[in-house]
Structure formats: C-alpha cells, structure tokens
Amino acid sequence: MKKRNSNLTAAMFLLPYGILFTVFVLIPVFYGFFVSLHKWHILSTAPQFVGLTNYRDILSDDLFRVAFLRTAYFVVMTAPLGNMLSLLLAVGLMQDFKGTPVYKVAFYMPVVMTVSVVAVMWRWLYSTEFGMLNYYLGCFAHFGHAVVPGLVSAQSAHVPWLSNPGTAQRAIALVSIWWGAGGNMLIYLAGLKAVPRELLEAAEVDGAGPLQRFWAVTWPMLRPTTLFCMVMSVISASQVFGQTYMLTGGGPYYSTLTVVLYVYQQGFGLYQLGYASAVAYVLFVAVFMFTLLQFKLLAVKR
Amino acid sequence: MSKGKGRKRAISAGSIIAQVAMILGAIIMVAPILWMISTSLKQPTAVLTPQPHWVPNPPTLENFAGLFTKSEEFPVVRWFINSLFISCTVTLLVLLVTSTAAYAFARLQFKGREVLFMVVVATMIIPGQVILIPVFLIVQKLGWFNTYLGLIIPGLASAFGVFLLRQFFMTIPVELEEAAYVDGAGPFTVYSRVILPVAKPALATLAIFTFIGAWNEFVWPLIITNDISMRTLPVGLMIFQGRYSLEYGTVMAAAVLCSLPMVVAFLIFQKRITEGIALTGIKG
Amino acid sequence: MAFVVCGCGRNGESTRAAGPVDVVFWNGFTGPDGTTMERIVRSFNHDHPNIRVKMQIIPWATYYDKLTLGLAYGGAPDVFILHVNRFPEYAYYNSLNCTDDLVAKGGLDANDFVQVAWKAGLWHGKRYAVPLDCHPIGLYYNVDLFKKAGIVDQNGNALPPVNLAEFLQDAKKLTKDTNGDGRPDQWGFAFTWLRTNSYTFLGQFGTGLLDKDSRRADINSSQAKKAMGLMADLVTKYKVCPSPEGQDAWMGFQTGKVAMAMEGVYMLASLEDQKGLHFAGAVCPMFGKKHAVWAGSHLMVMPRSITSEKRKAAWEFITYLSDHSIEWAKGGQVPVRKSILDSAEFKKLPVQYQFSKELPYVVYEPPVVPYNQIVPFADAAFEAVLMHVKPANDALDECARRVDKVMNRQ
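Residue numbers (our numbering), protein chains in the order written: chain A, 49 to 350; chain B, 42 to 325; chain C, 145 to 554.
No lab work stands behind these hints, which were simulated from the structure alone. On a predicted model such as this, the values are computed, not experimentally measured, just so you know. Careful: at least some of the hints might be erroneous.
[What the hints assert, rightly or not] Where chain A lies over chain B, by a calculated footprint (3+ residues, C-beta under 8 angstroms): (1) 88-99; (2) 112-120; (3) 237-243; (4) 270-281.
[Stated by the list, open to error] Derived SDA-like pairs: lysine to any residue, alpha-carbon spacing no greater than 20 angstroms straight-line: (5) C:381 - C:328; (6) C:534 - A:344; (7) B:152 - A:63; (8) C:370 - C:430; (9) C:381 - C:482; (10) A:87 - C:513; (11) A:146 - B:111; (12) B:312 - A:153; (13) B:111 - C:176; (14) C:317 - C:294; (15) A:344 - B:193; (16) B:152 - A:57; (17) B:182 - B:164; (18) C:549 - A:85; (19) B:182 - A:153; (20) C:482 - C:470; (21) C:456 - C:470; (22) C:501 - C:255; (23) C:549 - A:96; (24) C:401 - C:417; (25) C:383 - C:533; (26) B:312 - A:75; (27) B:182 - C:216; (28) A:146 - B:55; (29) C:249 - C:453; (30) A:146 - B:311; (31) C:356 - C:260; (32) A:241 - B:311; (33) A:241 - A:259; (34) C:316 - C:379; (35) B:182 - A:213; (36) C:383 - C:307.
[As the list claims (entries may be wrong)] Residues of chain C placed beyond 10 angstroms of chain A at every Cβ, according to the derived structure: (37) 237; (38) 244; (39) 370; (40) 470.
The beta carbon of each residue, even a glycine, is placed where N, CA and C say it ideally should be.
Only chain A is shown next, with the shape it has when bound in the complex (with noise of 0.2 angstroms):
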C-alpha cells in the first residue's frame, strides 16, 4: 500500500461514516450538554441560557429522585431475575431433550414481538376485570382452598395490577423479564456450549455431581459472557421506556415512573427541553458509574 495515499484513502473510506457520525453522534453529545444549560420550550424562539439552574433544580426535584430510585428499583428487580432465568433456560437447552429446537422457538418468541406489541399484549392479560391472568389466579386460589382451605382463601383474584401502586411496578418487571429471558439466554447457549467438554468429564471422573461440575467448571468459564449479559441488562433496564409509557404512563401515582419515561414527559409533554436534555446527562453519568462498577465486580482475573 502506497503510504502518501493512505491517509487520503481512509478519508474517503470513513467520510460517509464519519459525517453521519459527527452530526448524529458526536455533535449532539456535546449540544445535549448545550442544551441542558438553557430555559429551552419547544415553542420558545429565544431560549435563555442559565448556567447550571437546571442541575440545581434536578438535585431539589424529588419527582426525579422518585423516578432514579424507580428505576434503581426496576433494574435491581430485572436484571438478576431475568439474567437467572435466561441461564436456567439456556441450561434446559443444554440437555437437549426431545423437543428442543422447539422449546428455542418458543422462548426466543417474545424477544420478537415489538414494544408496542408487548404492551397492547399485557395491558389486556392485565386487566382487571377480564384479564387472563386474574382468572388463573382466582383458580388457583380456589384450587389452593380446596386442598387447604385454611391457607388460602377462596375468591377470585381481583387485582388491579396496573391501578395499584404497589402491584403496577412489579407488573411491569414481569413484562421485561418475559420480553428479554429469550435474548440473554441464547448469549448464555452460546458461552454454555463453548465449555471444553474434557474440563467436564474430567470433574465427573473426579466424583463432581452435575451441581458441583456447574460451580466449579461452567461458572467461572461463563465469567465474561455473564459479565456481557449483566452489564447489558442493566443499561436496558435502565432505559425502560416503552412499556411504562404505554401501560402506565409513570403512574399510578409515580409509582412507575423511570427516568428515561420522566426525560421524555419533560420534554416532549411539558416541553421543557432544557430541564428534559440535563435529566438525560444526570442519567448518563450514573449508568456510566454504574457499569465501571460492573466491570471491577465482574471482571476476569488475570
């Protein structure tokens, strides 16, 4: 390769890359920051800069901190939960069982489904009065009270899960874990069939029971890609927006709002864009903690 035309080469290689970059990535990082130091409504032709006012205020907000320890709460609640459940899945497919590619399909579908989809989908498994998961619930109660009639009581469930404030959170934690169990756990397959097989059989020759050849073969082999999957559930949980925007909208009575739903009602529902852009940027840098954090947890010993 001619050495004074590689530079001039590059260049045209990145150009198209590197200006959709600058202008939608690069630029706006920088101009969010911009923006965040303003009085900025949407209808306002002349926004007014004021310094770190909106900072200031973010810190006497307690609508925010309400929404950052929602969403402290909601990753805390998915993210292991859900982690768990995509390996335990992924496990089940280990063993290959009859049926297997079928079992694949059937826990990577909700992965494909879309948000909306989702919503639209458990809003009515939801609700109250009709909903499907009320019924099976009331059965069981019943079936619970027929067998132990002391225990349980036997009414029909009548929950009103997106309506309570203590319910409407949890209901929307068991949407995410169903929506993304499927994703996380074909990773989890993947670093599950990269064990060497010699390790393993080494371990039971050694006497290991399954239980003790997954502690102490698979587990610690499986480091950096539950590193992977870890961190990458926390930033998606992290940035749950579409199902509390559209089962819940935040409510009832904040009890569901997150902090990217409270930078989007900001906004683009009181159009404030400044106050919106500097909830973003607080967000940002304790996701960015956050997984530094993860890191020095997680990280593989060298």
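For this one, chain A is given, so just place chains B and C on it according to the hints.
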C-alpha cells in the same frame, strides 16, 4: 452441566422433572402470544367474558377486516409500508457506511486510527436518550421534521456495526488482499471484490439485526413524526390502541398484524439470528 | 365603536387569490361533539363558497403535543381550539395571532359575551382568542331513583338538593344494598372526573390549587384540607359514594346504579343515547361556603404566522362559529353569547339551560403559563386523597411543595 453425547441418558426423576419444567416453561412463555391471537379471532361480544375461552367459538376475521375500514383515520397499511421502507433503507445504508468505515479501521493505515476507533466504540455505552433531544433539534434545523429523511438518516451511524464488522474483517487472511494488490487493484476494488464477498456471513448478521432494530424503533419515530400518515407501525399501534382501548378484539388484531412480519422473518432467519447473537456474546 | 390600537401590526390587505381559500381547523372533538362540529362546518362551507374549512379531529390525549410540534416546526393549522387552561402557555410563547384589530372592525360585539369567558381570551391586555363556549360541571340526577325514594316537590317532580344538608339526606336515601351482601348496589353519588369535582369543592371553600394572585400553592391551606376532607368523608364517613378506585362512575350513572353525579355539560350526549334512563340536570349543590363550580372553555385561536388572506377567512369562520353557537350548544355545551343564552331556543335545552345558571360563579383553572406542569401534581393529589393512597394532609402538602417549586422557577 452438559452431558456428553457418549453418556447414557438416564431416565432419572430429575430428567423427567426437567423435561416437564421445559414444557411448562415453553407454554407459559408462549401463552400471552397465543392469548393475543385467540382474542383477535373472537367476536367482539365473546371477548369480555369473566371466564376466558382459549378457542374462539366461533372464530371470526371481522376484527382484522375492521382494521381496514378504519384505515382512513388509522392507515395501517401505510404504517406497514413506512416501516418496511424505512427498515430496508436503513439496513442497506448501514451496511454501506459501516462496512467502508470498518474496512478503514481494519486494514488501512492512517494517523489516529486506534484513537478514532476507541472514540467510536466508547459511544456504544451512551444511553440513547442522552442524545435524543439534541438530535431532535438538529434534525429539525435540517428541515427534516416529519419526513422520511428524518426517520432514516439519524440512525445510520451505528457504532455496533462498525465494531462488529471490523472484528470480522480483521480475521480475514491478509494474503487475499495482498494478492489483489499485487494484481494492481486499488483499495476500493479490494474492498468490494475481495473483502465484501468473504464477509457475507457477518454482513448478513448485521443486516438482520439492523433490520429488526429499525423495525422495532419506538421513541425516535414517536417524536420526529407528526402526521398520522408518517407514523411507523409500532407507533401507529400505540395510537390505535389509544383510540380503541376497550375494544380488545380489534386491538389484538392490530397487534397480531404488527407482529406477523417479525415472526415470519424470525422463523426464516432463525439460524442466522442465533448464530449472530452468539457471535456478539462471545466477542463482547 | 372604540378603536383599539393594539400595536400588533395588521398585515396588509392582499389581493384575493383565485379559488376558495383553504382553512385548516384542528380540534379534539371526538365522539358526538365531533359530529356536531362537522355539521356546523358543513353548513359554513355551504354558505361561504369562497372559503373551504378542512377540519381535522385529533384526540385530546395527543392533540397538544401534535399542535405544539406543528407550531414550532411546521405544519400548524389556521384555526385551532385551545382549552382555557392551556391558553396562557401558548400566548406567552408568542404562538398566537393578535385579533384586537379584527374585533375592533366589527363582527363580534364584546358586550354580547359572558365576561368571564370573554376576558379569558386576553393576554397582557391584548386579545388572542375568542371563546366558543363555557362548559361547567353540573349535577346530573336520576329522576326515577329520586321519585322512588320519595325525594320530590309538591308536584311530584324529582327535587335535586341545593346544599350540603339536603345532599347528604338525599344521598343516604339513595344508597341501597338491595341484595344484602354488605356492599351497596345503588349509590347516592359517585365521583367522576376527580379534577373537576375537586376544583368545585375547593372553589366552594374559597380556595383552589393556587392562591388569589395565582402565585403560590393554596391546595394545602386549611380550607383546602376541609374541602378535600369533606370529599373523602362522602366515601368513608357518610358512605354515600364508592371509592373511585377502578370504578367507572359515569357508567354507573348511565346504567342507573348511581343516582347523582357531577359531570360536564359535554357528557350530555352520552346520556341521551341511554335507553330507559330518565335524568335531569341542575346546578351543583353548595357543599361549602359559597357558590362555585369548575368550568372549562374552548377558545378559538389562530397561529401568529398565519397569512393575511387566510386570516380574513379564518376570522369569518370564527365569528360564524360564535354566532351559530346555539348549534354547538345543542350537542351539549353552554354558549357564551348573551343573546343566545336569553333566546327561547336555548332555554328549551333542559340540561344546558340549567347548567347555564352557574355561569355567574364558574371557576376556571389558574391562568398561569406553567399550568401544564403543575396540574399533574394536583391530579395525583386528588387521586391520593380520595383513593387513600396517602394520608390526605401529606398528599396535599407534597403537592403544594412541588407546585411551589415550579412556580418559583418562573
């Protein structure tokens, strides 16, 4: 916990329990989807019953037919075409711009190559909503608010695509390119005649993921379009549900229609998708 | 006729273009309202061959977002409706067209308008909007249930309550547990839209979301706590009203399970379709110290950037809508033109006529620019108090805190 192929498959209690668990698990995972389909095929009066019936009796397509009579206010077909057009265009363009950039990062020598690549990769962990509002303002300044350009162009700078393809390109034997250079080919010819054909699997994987991602985009089309005719399918479904929220049969029919393309695509490209995901997981 | 120098810059007269002028009209009137408005638009287009009004109905839930983005980034309509509580925001950010010159030239007589609605279209002394209607909430009551319970006047007609004492007495008689399962199957009263009901109670106790100057929150004042406390007592202490959680109160009224409800005049059409329901309308009872009811208004506005040619046509449409607001009233609205309110034709509309008696003491929501930011706090507080999510005092204090924070940022 993997049993080797040579191992006798014990019909143990544990194995039976595990299989039953698998079956139950599969049923539970798929149940919501089946319920959605079942509701979409029910007559409106049969939908709101206290006791759910899984098999519609009698089954009817009137909910689906109803979607088309409502199409003046809710142009479902137009939404579908929008989504299709945008997803296809985005996929083609992403392949184009990321493969050229990835080739530059993988094979061309230039000043600042490593640093620039680090910058690109670093942006992968930036949460989308951080740049949502600034990109919105930039797109509006360009005059692309409520246009196809506004829907397509901003999402093209896929750092993930560049990352994926660069990793793959670096595994291609250098001898292939050197042979081409010896024959007098320029960088562009090497790129298009040598690299791209060999990279087909990675390109196909990226294409599929990009297509699915573009199809499922929700927040961006929500804020960048204002006319009902410019909406994409996921956003349109949300709007449709807002209007017909209590007519569950109709809404489920719309939801089924929305999922059909993705389900079909998944069933056809299953292998590629699972392989591709595995690829990302291992490399990540 | 006074000439108002408004300094808003009249655009020069342009030559008439060939063909009818298109006027794009946006509103959120879905349902029967929309059908009524469609009729009026059709008759306007028929009477004005040189103007063609194209109406687009966008459900209120997404209306304002679409409108704001359109006004900011292109695609705004020529005439659109604003609720009176959203008007200050759009006026403040200069999105609206000043119409002082058009009013001064004639076509609309300021003195023919109900003053509270007419004044609502002013911003800093200049006119940007013309009110189309005023829609207060009023008392809907089930005539059959009243007669069955013996709550009638000397002629045997159902007699609605006018104050708290009568209201409680009647509601108790009307709350029945007919099948003995411990839960009433018929309720004397039910809360429909918490916001409008709460604002009515607050207003009757001399308070509101904000204080008289519309500067600071007043929703945690002692009067406000009394008002909200009374509402909560209707559920828990007097037990004449079900808890609003998960309840479709309006459907309860439609199906004869609820005897009284306070809802807007605009809900009339949904009752007229109900077979077997014999209902009537009356002014809201006085639960507090004074007469007050919540009301909204639909204001007709034009965007600031409208061309002068379209402006003329749009203004003709606006004045037509106002002049013909009797047609709009028939669909379930109260007009704000005194001449129409006094007409025999209007007095024949039973519910609308009764509700129009409340016009002297209607209360709008506070006309502040960040209203859209503070009303969710109020809604959440009303919900929290009446559904017992939080202790009432905590909920109201929390709301006041949040409201004050936003108001102080202005």
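Each hint tested on the structure:
1. 88-99: Satisfied; 6 residues make the cut.
2. 112-120: violated (count 0)
3. 237-243: Answer violated; 0 residues pass the 8 angstroms Cβ test.
4. 270-281: holds (count 5)
5. C:381 - C:328: At roughly 15 angstroms apart (the allowed maximum being 20 angstroms), residue 328 of chain C and residue 381 of chain C satisfy the hint.
6. C:534 - A:344: violated, 41 angstroms
7. B:152 - A:63: holds, 15 angstroms
8. C:370 - C:430: The given pair, whose Cα atoms are some 14 angstroms apart, holds under the 20 angstroms limit.
9. C:381 - C:482: It is violated: about 42 angstroms lies between the C-alpha atoms, which goes past 20 angstroms.
10. A:87 - C:513: The given pair, whose Cα atoms are some 14 angstroms apart, holds under the 20 angstroms limit.
11. A:146 - B:111: violated, 46 angstroms
12. B:312 - A:153: holds, 11 angstroms
13. B:111 - C:176: holds, 18 angstroms
14. C:317 - C:294: Judged against 20 angstroms, a Cα distance of about 9 angstroms means the pair holds.
15. A:344 - B:193: Given that 20 angstroms is the threshold and the Cα spacing comes to 38 angstroms, the pair is violated.
16. B:152 - A:57: The given pair, whose Cα atoms are some 12 angstroms apart, holds under the 20 angstroms limit.
17. B:182 - B:164: The hint is violated at about 23 angstroms.
18. C:549 - A:85: Within the cut-off at roughly 19 angstroms; holds.
19. B:182 - A:153: violated, 45 angstroms
20. C:482 - C:470: holds, 11 angstroms
21. C:456 - C:470: violated, 23 angstroms
22. C:501 - C:255: holds, 19 angstroms
23. C:549 - A:96: Holds. Residue 549 of chain C to residue 96 of chain A sits at ~19 angstroms (cutoff 20 angstroms).
24. C:401 - C:417: holds, 17 angstroms
25. C:383 - C:533: With Cα atoms ~18 angstroms apart, residue 383 of chain C and residue 533 of chain C stay inside 20 angstroms; holds.
26. B:312 - A:75: At roughly 38 angstroms apart (the allowed maximum being 20 angstroms), residue 75 of chain A and residue 312 of chain B break the hint.
27. B:182 - C:216: Distance ~11 angstroms between residue 182 of chain B and residue 216 of chain C Cα, so the pair holds.
28. A:146 - B:55: Judged against 20 angstroms, a Cα distance of about 15 angstroms means the pair holds.
29. C:249 - C:453: Holds, at about 16 angstroms.
30. A:146 - B:311: holds, 19 angstroms
31. C:356 - C:260: holds, 16 angstroms
32. A:241 - B:311: With a Cα-Cα distance of about 18 angstroms, the restraint between residue 241 of chain A and residue 311 of chain B holds, given a limit of 20 angstroms.
33. A:241 - A:259: Cα-Cα ~17 angstroms, so holds.
34. C:316 - C:379: holds, 12 angstroms
35. B:182 - A:213: Distance of about 41 angstroms is beyond 20 angstroms: violated.
36. C:383 - C:307: holds, 18 angstroms
37. 237: Given a closest Cβ separation of 4 angstroms, the condition is violated.
38. 244: holds, 21 angstroms
39. 370: holds, 23 angstroms
40. 470: holds, 35 angstroms
Comparing the model with each numbered hint stated earlier shows that hints 2, 3, 6, 9, 11, 15, 17, 19, 21, 26, 35 and 37 do not hold.
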